[in-house]
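Asker: Take these sequences, add in the hints, and give me the full structure.
Add 167 to a position in the sequence shown, counting from 1, and you land on the number used in this note's numbering.
Warning: the hint list may mix true and false statements.
[Stated by the list, open to error] Okay, derived cross-link-like pairs now, BS3-like style, lysine-lysine, Cα gap no bigger than 30 Å in a straight line:
id: 1; residue 1: Lys251; residue 2: Lys276
id: 2; residue 1: Lys266; residue 2: Lys254
id: 3; residue 1: Lys254; residue 2: Lys273
id: 4; residue 1: Lys254; residue 2: Lys237
id: 5; residue 1: Lys237; residue 2: Lys248
id: 6; residue 1: Lys266; residue 2: Lys248
id: 7; residue 1: Lys276; residue 2: Lys266
id: 8; residue 1: Lys251; residue 2: Lys237
id: 9; residue 1: Lys268; residue 2: Lys254
id: 10; residue 1: Lys251; residue 2: Lys266
Keep in mind that the hints were calculated from the coordinates and are not lab data.
The structure presented is a predicted model; accordingly, all values stated were derived computationally and were not measured.
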Amino acid sequence: MPTKRSNRLALALYFLLVIFLAAMVGLYVFSIMPIKGDKFAVFLISLLFAALILPVVSSIKFFDLIELHKDIRIMRLETEKQLKEIKAAQMQVLNAYGKQKAMLEKELKR
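Answerer: Pasting the structure below:
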């Protein structure tokens with residue numbers, strides 16, 4: 168379990184990283200620091216985005232996502248089983264209807 172001191176240090180380092188990346192983007196955008204190449208801008212913006220996403224990623228509970236995936240798979244299997252049962256019932260009804268129709272046609276031919 169992380170201590171309060173390590174949490175404060177991590178938070179300070181995180182904000183320092185975000186401020187540094189924002190400053191680099193600002194320097195690049197306003198041409199204060201001339202840099203040739205658009206790939207550097209994409210790299211800076213992607214780093215800034217990744218740094219801003221870090222707190223969100225750390226709050227995601229991956230085990231809950233795995234459980235959710237298992238639940239979805241189980242529900243899909245149950246749904247497929249129910250669909251098979253419904254199709255079987257429909258076939259029984261159609262077979263019964265076909266037999267009744269054949270019997271009525273025989274009686275009408277008499």
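Asker: Output the numbers, in ascending order, of every earlier hint that fails for this structure.
Answerer: As far as the earlier hints go, only 1 is violated by this structure.
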